[in-house]
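Asks: Protein chains in written order, with this note's numbering: chain E, 1 to 260; chain V, 1 to 421; chain L, 1 to 365; chain U, 1 to 602.
Rather than coming from a laboratory, the hints here were simulated on the basis of the structure. If a hint is listed, it holds; no wrong ones were tucked in.
Derived lysine-lysine pairs resembling DSS-like cross-links, with alpha carbons at most 30 Å apart:
1) E:LYS130 <-> U:LYS242
2) U:LYS242 <-> E:LYS110
3) U:LYS241 <-> E:LYS110
4) E:LYS119 <-> U:LYS242
5) E:LYS122 <-> U:LYS242
6) L:LYS238 <-> U:LYS560
7) V:LYS42 <-> U:LYS189
8) V:LYS308 <-> V:LYS373
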Amino acid sequence: MTLLDIKNVTISFGGLTAIDDLNFHVEEGEIVSVIGPNGAGKTTFFNLITGLASPDHGQINFEGESIIGLDPNEITARGIGRTFQNVRLFPQMTILENVMVAQHCRTSQKIWGPLFRTKAYKEEEALIRKNAEEVLGFFGPRLIGYRLHQPAFVLSYANRRRLEIARAMATQPRLLMLDEPVAGMNPMETAELTQLIGKLRSEWGFTIVIIEHDMRLVRDVSDRVVVLDHGVTIAQGSYDHVSTHPDVIEAYLGRSAGDK
Amino acid sequence: MYKSKKWSRGIALGVAFGLAAAACGSDAPEFEAGALGAVEVKEGESIQIRSLEAISGDVAFLGIPNDRGTALAVEDYGQIKGFDVDVGTSLDDLCSADGGQAAAQTIAADEDVVGVIGTSCSGAATAAMPLISNAGMVMISPSNTSPALTSDLEGNKGSDYNVGYYRTAHNDLFQGRGAATFAFEELGLTTAAVIHDGDPYTNGLAQAFADAFEALGGTVTTFTAVNKGDTDMTPVLTEVGAESPELLFFPIFMPEGGFIAQQVAGVPGLENVQLMGADALLTDNFMELPESEGMYFSGPDLQYGSNKSTTGKSAEDFLAAYNAKYGEEPSAAFWAHAYDATVLLLTAIDNVAVESGGSLFIDRQALRDELNKVSGVPGITGSLSCDEFGDCGAQKIALILHENSGDIAASKENVVYSYAP
Amino acid sequence: MTATQRKPQKVWKTNNWVDLFLTAIRIGAMAFIGVGLLAFVLEQAGGEGLTGGAIRGLFVTGISQGAMYGLIALGYSMVYGVLGFINFAHGEVFMAGAMSGWITSTILFENGMWEGEAKFVLALLIVLVIAVIVSTLATILIERVAYRPLRESPRLIPLITSIGVSFFMQNAVLGLFGPASKTLPAPPPWMSAEYTFLRIEGTKILVLVIAAVSMAGLWVFVERTKTGKAMRAVAEDKEIAALMGIDVNRTIVTTFAVGGAMAGVAGVLWGLLFRGVSALTGFLPGIKAFTAAVIGGVGNLGGSMAGGLLLGLVESVAPLVILKPLGIPAVSQLKDAVAFAVLVLILLFKPTGLFGERLAAEDRA
Amino acid sequence: MSRSATDIDAKRSTYIGLIAGSTVVFMGLVGIGVGLNERMLIDPILSLGYLFVLTVPFVAGFVAANEVVLEGMEEPEKGSRDLLAGGIAGLAGGLVVGLFLVVLNRFDLSEWMPRWGDQLLDLFSFRQGVGLGIVISLVVGAVLGAFGGGIHVLKPEAKRLLTIVGVSVLTLAILEAVVDDFLGEIGLKSLARLLYASGGGLAFVPALIVVAIATALALGFKGKGTELKNQYDAMDEGEQKKYNTYMMFATIATAIILPIFLGKIVNELLANIGLFVLLALGLNIVVGRAGILDIGYVAFFAVGAYAMAVLTTPEAPWRLNDTFANTAFSWLPVLPWLVALPIVVVLTGFVGLLIGTPVIRMRGDYLAIVTLGFGEIIRLLFLSDWLSPTLGGSQGIRNIPGVDIGIAEVNGTDPRAVFWLVAVFVALAIYISHQLETSRIGRAWMAIREDEPVAEAMGINTVTTKLFAFVTGAVLASFSGAIFAAKVGSTFPNSFLLLVSIIILVVVIVGGMGNIPGVIVGAVVLIGILGGPKQPGLLAEFSEFKLLIYGALLVFMMLKRPEGLIPNAARTRELHLEEALQDAWLKGEKPGSDDDEAVATA
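The whole structure should be built from the sequences, with the hints applied where relevant.
Replies: Below you can see the structure in the form of structure tokens.
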């Protein structure tokens with residue numbers, strides 16, 4: 001079953017076409033990597049799916065329904081969770097709160113519950129807490145225990161990345177979108193996360209789309225790799241197919257000197 | 001550690017008891033107090049009165065001379081039956097209900113206080129008076145003019161009237177009538193527009209004028225308002241000009257009053273309008289404007305001439321003393337009212353105070369009765385008589401014509417009409 | 001807890017009711033304005049309304065007041081364009097100009113410089129130059145003390161700081177120069193005569209001319225000079241501008257200074273037109289000017305000026321043309337309310353202002 | 001590391017001193033010195049005016065000697081160089097003041113500046129004339145500066161002792177009205193008379209006794225505070241909770257019992273503070289929690305007060321007015337306060353919704369200016385002649401009855417009862433704030449404050465959540481307004497100026513945004529000492545300079561202590577950790593491993 005289906009999507013910012021007539025789809029249970037040089041439009045692509053940007057034209061269907069025009073929170077509620085390339089946690093909130101708040105759209109207690117601490121409220125809080133500890137526990141002992149009540153800003157860089165993934169998991173998505181999950185991590189941490197991403201599918205049942213520059217990760221986890229350049233798909237298929245594709249090599253090498 | 005705590009506590013207690021014993025030492029005096037109780041002033045202590053005026057903020061120009069007028073009156077009056085009078089620290093009414101209430105709370109908390117001179121602003125008196133009245137004290141205001149605080153002059157109590165309230169300032173209704181009578185009967189003008197600025201005082205006076213003017217048979221073409229802080233008066237003047245009134249009465253303050261006077265020229269429909277202001281614009285920085293020439297001003301009659309207070313002081317003596325003490329002229333016109341209010345209070349205290357066993361007793365109810373009886377008492381502002389709702393002022397309204405912006409003093413004396421009921 | 005096991009339990013309802021409510025407000029406001037205008041037209045047709053002269057008078061004062069709003073708005077707009085925060089204290093910079101105008105013009109008047117035509121023009125120039133210097137210095141000082149240390153903070157922090165600066169300056173001037181309003185000397189009689197077929201007062205013509213010249217000067221400065229280009233580059237993207245070798249700090253100070261200078265000019269014009277200044281002179285015009293900048297589109301210099309003119313005009317005309325025909329008494333009291341209502345309406349219809357914002361990429365979000 | 005005594009940054013010290021001197025001159029010209037000179041703190045040696053003027057060189061000396069010790073650098077030894085640095089700063093300050101004395105004497109600028117004159121000259125020259133005055137100001141500046149610098153040399157215990165003694169003397173002097181009132185109420189008025197001079201201020205000898213007692217107590221209780229804190233920290237969560245509950249009950253009991261021993265003056269002050277605590281708690285939700293900068297917050301205070309006035313006042317203008325009195329609304333009876341309260345709350349909440357809906361999607365700073373506009377619109381409507389038949393216009397609504405609670409009527413004449421009433425609502429507001437803040441909604445508010453787009457991407461409906469915060473804030477303000485109306489007995493539009501919004505904002509920021517105890521302490525300190533917009537504080541002499549101080553305080557807090565005076569202790573510690581981390585990051589060492597954390601959390 002096709003979980004996410006994108007057809008002929010175009011978006012441009014003041015003359016610069018970031019995504020040009022893109023077609024893309026993700027099957028249920030797949031892990032798809034999106035790669036491409038800097039400025040290829042990868043993050044814009046994520047923003048389009050999660051509602052932070054609206055396409056000029058084209059279709060984006062999730063579970064067969066169009067999600068264009070929905071607010072980001074509604075899209076999250078439909079079941080798309082994401083992380084951000086430049087790690088955007090809620091730094092003053094504790095680690096636990098960061099993950100608890102992500103279950104906002106799965107919970108419903110409004111005024112009376114919190115005010116009078118009703119039974120329903122307490123049960124819901126307990127469930128939120130349980131879910132939160134569960135997703136945090138996924139990363140081993142790093143984010144739990146005494147850490148739960150520390151504000152997020154004390155975390156190391158790698159842990160911030162992990163917490164961000166945990167937070168996305170806590171929104172209980174069907175499609176999990178990870179924007180450069182291992183950027184800035186050392187090889188050991190990368191290897192560990194590679195393994196965990198595999199588990200995210202096998203144990204948690206998420207369908208996953210990843211943007212990544214780290215080719216080892218891409219190679220190890222992806223069922224399918226899509227290469228974007230200048231907002232256009234220049235190749236897609238298995239890692240091996242893509243990594244030897246001449247256009248891809250040109251896209252990376254040909255301009256790598258002028259890039260960044 | 002324990003030790004040090006113990007001795008420090010011991011000292012405090014010892015000191016306290018010693019003092020308490022000293023305070024309770026005197027004999028119980030014989031004096032029968034009335035329904036509201038009485039104030040006992042022990043030998044060596046002073047009679048406590050308070051001054052509650054707007055001494056900070058943008059109305060300080062009004063409150064400070066009032067406060068100083070009170071201080072000078074206390075000095076001039078001297079002792080009462082051998083006891084000093086103490087005004088204490090001046091309190092601030094902040095020209096607002098909240099400020100008046102908070103200050104009145106402070107006054108009411110002190111059971112030694114006999115009476116209060118204040119407030120500067122009617123809004124403050126509205127909130128302060130219930131507390132003062134409750135505490136059995138009296139308050140005499142030098143500059144409240146709102147009819148609600150006393151009466152409508154027809155024998156009906158105002159909505160904010162409280163027993164124990166008196167004032168030496170005129171009732172707005174007097175000034176409204178005075179100004180309207182002058183405009184309608186003396187100047188022969190039959191149409192008038194009125195502008196206020198949203199201040200309770202200017203609004204009340206504007207309303208009083210409008211009512212009186214219509215009662216006389218005139219027509220109020222426009223009754224409108226500006227905001228404090230407005231500068232561009234063309235829209236409001238255009239609104240007024242659409243009806244081409246013969247008179248424009250704007251009893252407001254500076255700087256808005258100045259903007260109106262400056263901008264009235266050139267507005268269609270107001271080419272021949274006669275401008276009239278009230279006491280709020282009788283200030284140097286307004287009257288210096290060339291555009292203010294030819295205007296009439298209504299206000300309390302400030303031609304005190306040879307009027308003498310019971311202290312023997314005239315306006316001239318007062319101003320000399322004021323200048324000598326504070327190095328400037330009073331910045332608003334109600335200093336004489338403050339002086340009279342204070343003298344009125346002190347005289348009344350003098351009349352009801354009873355000496356007994358070395359202490360001075362002032363019965364609160366007797367003090368109110370005494371003030372209610374005031375009739376024909378000489379003051380700087382004229383002869384003072386209190387009506388049953390506390391209007392004690394000389395109630396004389398003067399209309400002056402301002403002819404020369406270079407000679408303000410002359411204009412202030414140029415009384416063209418005087419209204420006294 | 002696995003994702004595949006469950007469909008989302010609960011989906012927040014869309015913000016439909018909010019949108020609906022906003023649409024209702026929009027329609028209601030339009031209807032209110034429409035009915036008011038209709039009533040006005042009927043009144044005019046019935047011959048009871050305002051005379052032509054009255055309407056012309058309203059337009060002329062509205063535009064001259066608006067020109068000053070526009071000049072002040074430029075400062076808000078430029079700073080917002082570059083740093084992305086409302087410099088709340090800009091109104092006080094304007095007040096500083098107006099106060100210095102009061103002092104210099106009074107001194108010059110006492111020395112007889114306020115009489116002949118040539119002398120008066122010279123005196124006016126001196127007053128202008130000094131006011132511009134005072135305002136510029138004031139704004140540079142504020143930037144250095146209060147804003148520079150906060151350059152990297154979240155946007156609301158400098159905004160709150162600027163509120164503090166604004167209150168501090170207001171009350172400092174109040175304490176230094178006293179609360180009474182200061183009256184500037186009256187311009188010579190030939191200035192208050194009426195000119196041209198529109199019969200506009202000389203002072204107002206002068207105000208409009210000076211405003212236009214300042215605006216033109218600013219335009220040339222921003223569009224044609226190297227510093228101006230640097231300012232635009234910094235407004236677009238500070239980091240890239242820095243990479244291009246632009247001294248970002250200096251450019252930001254220049255931006256503040258130029259805005260301050262415009263406010264200084266506005267201060268003098270204010271003094272000329274209304275001849276009254278006080279410590280509180282800056283506050284309301286400051287807020288109105290920011291309103292004008294938002295109406296025209298923040299960061300957009302032409303837009304800010306146009307927004308100022310529009311706001312001045314609306315403020316002057318709308319109470320009598322829309323509210324009064326509806327039978328509301330004392331409409332002039334509601335002038336400020338009208339100005340703020342216009343702000344709300346404009347933002348409801350065009351959140352980026354009438355002529356569009358020009359902001360740095362990071363501030364657009 | 002040993003350094004010579006002269007190894008100091010003389011340029012920096014001089015610079016600080018020049019700023020300090022200019023500050024003193026500025027204070028003089030604004031009127032702070034002369035204006036506050038009449039209020040004595042310690043009779044006859046120290047007036048409030050001189051306290052201000054003399055504190056400046058002291059602080060300058062302190063700052064000048066306060067070296068920035070960079071990380072990794074050894075902290076330099078303290079010693080005579082600190083005295084010297086402070087002294088130089090003080091001297092430079094004194095020089096400015098001295099020069100100013102000359103200018104003051106030579107020129108007459110009183111035409112422009114009303115404070116320019118002999119009184120100022122007397123103040124700065126200590127009544128000794130220009131010549132001697134310059135010498136004195138140099139000497140005083142240098143001595144105070146050196147003293148300020150010398151603080152660094154003192155051992156921590158000595159510093160603590162000095163602080164305690166200084167603070168207790170000043171507190172006793174500042175709290176004169178409270179102490180006097182309290183002693184009067186418990187029958188020790190004569191003690192108060194002994195303590196304070198007749199013209200105000202601590203009398204000299206009692207001041208010395210206070211110094212002695214404070215010293216004794218400080219020495220006696222040395223280390224007790226830390227001990228208690230350690231004990232508390234050592235408890236486990238359950239015990240801490242229990243302890244907290246005890247503390248809560250103790251606080252409640254104090255709030256109930258204390259007013260009995262206080263007189264009208266202090267109870268009035270407390271009631272006013274309570275009203276501002278309510279407002280600050282409300283704004284704290286809006287600004288501190290949800291990050292919505294609402295500077296038109298006074299609108300809800302006004303709506304609450306006016307709604308209560310309209311509903312409960314028999315002589316409300318609209319009842320006396322023909323248009324309403326005999327027509328559609330005549331069935332509406334005069335409601336008692338308690339019955340009207342729910343209506344007032346709902347109405348204010350609705351107004352909050354009405355104002356909030358159009359503004360909530362705007363960018364933060366646009367929102368600020370638009371809320372300001374709404375605040376003004378509402379005040380102007382209350383003031384307008386248009387609505388005056390209903391709302392009284394500039395004459396306001398007067399004769400508002402008090403709160404009838406069955407056994408008695410609570411109104412302005414009995415501030416003690418008002419305080420109890422306010423305290424109940426403050427407790428309610430704390431409860432509401434706390435329950436909401438720690439709930440799902442509270443977390444969503446925080447997330448929005450931290451990063452709105454991300455919060456939205458995490459599934460939070462930012463529009464409705466922010467609106468909810470806005471409305472909650474409005475409701476808390478309506479409590480305050482409703483009590484205010486009954487307390488003052490009248491509502492006038494000029495009680496609801498923009499100023500109120502700004503002062504509440506300062507209270508929230510000074511106390512610490514998003515932090516309930518902080519906000520309460522902020523309100524007690526600021527409103528208690530400086531006073532509210534129209535309420536006098538303990539230092540009523542300040543009312544003229546109140547706004548100046550509030551403005552300066554706002555700037556200072558934003559620049560130096562954005563976390564507030566009473567920040568969450570843990571948060572501050574961690575804030576500094578974050579700085580260390582970020583420094584490391586900025587230096588290009590991306591913390592790649594958990595080792596960095598070990599350093600950071602150690």
